[in-house]
Structure formats: structure tokens, C-alpha cells
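Line by line, the protein sequences are chains A and B.
According to my numbering, the first sequence is numbered sequentially starting from 1.
According to my numbering, the second sequence is numbered sequentially starting from 1.
Be a bit skeptical, because a hint or two may be false.
To be clear about the criterion: a stretch of chain A counts as covered by chain B if any three or more of its residues have a C-beta under 8 Å from a C-beta of chain B, and this derived list gives those stretches [what the hints assert, rightly or not]:
| id | region |
| --- | --- |
| 1 | 87 to 100 |
| 2 | 122 to 132 |
| 3 | 166 to 174 |
Read the hints as simulated data drawn from the structure, not as lab findings.
C-beta atoms are modelled at their ideal positions from N, C-alpha and C, and glycine is treated no differently.
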Amino acid sequence: MTKDVSTRDIVYIALFAALMAAINLVPAIQIGFLPVPITAQTLGVMLAGSLIGAKRGGLAILLFVLLVALGLPLLAGGHGGLSVFFGPTAGFIISWPIAAFVTGWLTELNWRRMNTVWFFVFSAIGGIGIVYLIGIPWLAMVAKLSLWDATKGSMIFVPGDLIKAGVAAVIAETVRRSYPLMQAAR
Amino acid sequence: MTIGLYHPGQSALHRASAGAKLSALVVVSLALFVAPSIWVALASVPIAFAVYLATGAPFRRLMAQLRGPAILLGLVFVFHLAFGSVAEGVLAVTRFATLILLASAVTLSTPVSEMAELVEWGLGPLRPLGVNPEKVGLAIALAIRFVPLIAEEFRHIREAQAARGLAANPLALIVPLVIRTLKSADELADAIEARGYER
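One chain only, chain A, in its complex shape (with noise of 0.2 Å):
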């Protein structure tokens, strides 16, 4: 972490890969017509990245990741390990700092006129589209799979995806009006 990340950046850094890992307990949720249980993973690096800015939200989650590697079971049905890393799906995972760091971003430069659909769309930019953007490509590569082939493989978790940016951006109005701190900590 850099010069300019100050004593209370790590506490706020810290304690949300901590809040990352806790909304991995909300239990997967299957919804009648998709074919994929919902898991609330990627919820937390929307809601990073929303609501405590590119930098913090990106550190936040990189550092959730780090604690992963060390072999905590902090993911999903208590996975984690290095043995994440070396698994198909690893990109996804190496994607996701970057991913609350575009919403971040987006939301800093816009924070004037932040609401519910700019929340939705900019959690969707990064948890969604950049996600996919390396986790496909890289899931292509390591599993010798065409390039269409891993898009299609990937396109049944849009739909849950995009529920989960839904509830990212309300959560993040509902805590952007009821907790004043917020701006003034940015």
C-alpha cells in the first residue's frame, strides 16, 4: 500500500475485506428460472468499490484476496486456499480489485449525482463487465477452451449478476442517505 494510504485508510481497507467476508455467509440464494444458485460474492466487490472509493474499495478487496491465498476459507462455501488460484475460475477472483476499483472510480467522479441507477449501472461496470472481461479470457486460456466457448460457459451467472448489482446499488443509496460519514470521509 502506498505513501498517500494513511492509518485510518487501513482500518476502513481492513475492515471491509472483513465485511467481504462476512457477506459470503449470506447463504446462496436459488431463484426459480435461473439455472445457478446466486452466491453474494460479488455483491461485496460492487458495494467496496461504491461505497468507500476506487482506491480503499480496490485495497479493501485486494487485501480480502491476499487473506484467501493465505488460506483462509473466506470464499463462498468456505473455500479458499491457494488452490483457488490455480483453478479455472482464478481470474475471476484476480479480477475482483479491479473490478471495485472501476466502480470506485466511476462513483468518485460522479459522486454528485449519485443515485440508485447510477449505483446500479457503475456496480455492473466493474462486478460485471470487468469481471468477465478478464476472468473469460483467462478461463479460455487455462482451460484450453475457445474464447466463445468460455463466454457461453460463463453467460448462466449474468442473470443472477445483474440481480446482485440491483441489490449492490440499493444498498449503497440506502447507506449513502443514512450515513453522513460517508462524504466526509471521501
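Chain A is fixed; fit chain B onto it per the hints.
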């Protein structure tokens, strides 16, 4: 104290240093990707499995940990069968199996604290770029300390919302959790600053 996926033991893997184990893991993964031979990949799976068993963790737990990755690899293989070739599928899946087994063996045999020390040591050379390994260490320690606290907070909130009939509502669970986390972050930062930690 043992936290995480580490399993205490006295095996050769436990005695090896974290740095040596990680370097070996990186070398093996590079070798498997640089030399994509199906026979090497096939032969490496039983070896990796033997290494995995050599960690000495209970057999039942070792098998349970493999369930998730096995399902994922099964999906990858099905995709290869449907859209690609069997040979490519076997190569991809065996390569993953080897690396996942070896990486799990490293995680099982290395305490989180030793891994964290390795990270701090590894960040040392980045000091001229403005990276402060001690701050990274503080962030790791704080986060590890706060994971169980925030998880506990989450259980309290879930119970409280269940009493109101809101246990299944993610908004009712996460909004209070986020606000409480932001509050504790502010309080903790005030406490650290009041005690004159750094400046």
C-alpha cells in the same frame, strides 16, 4: 491458535519453509503450461495426490475439500467433450487437478502467520515504490481480527431481523452490517490516532 485451512502436523511438508513450497508450486505450474504433454500431466496427478495425502490431514476432510474443485473440473471436461476434443479436455483437467492438489497441500501445511510473514518479506523490495510492508502487515492482522467479529455481528443482525420476519431479505441484513462496519472503522481509526500510532 489455528485458523483457516491449515492443518497442524509434523510431515516433511510442514517442516519445509513457506518460501520453498511456494517457489516449487510456481515452478511446477510453469512447467505444466510450458510443456503441455498429456503423459506428463497424467503422470503428475497421482504424484500430486500422494503429496496431498502426505500432509497428514484426516482423509475425510481431504476428500471433502476436493468436492468443489471436482465439480468445476467436471464442468470443464463436459465443455471439452461437447465443443472441443477429448485429448485437450484430458490435458486441461489433469493439469488443473495436479495444481489444485499441490496448492491445497501447501495451504494445508503452512500456517497463515507464516504465509503473512512471507508476504511482508516479499514486499520489502517494493519499499522504494512507496509500498510499506508494515502497513500491509497491519491491514492483514486487522482484517483477520475483524473477520470473526463482523461475522458475529452478522449473526446478531440476522437474529434481530428474523424476529421481525426479515431474515431472508438481503437488504435488511447487509445495510445495518455495512453501517455498523463503517462506524467501527471510524471508532477504531480514532482510537489508533489518539494513541499516536504513526504521526
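Flag every earlier hint the structure violates by its number, smallest first.
2
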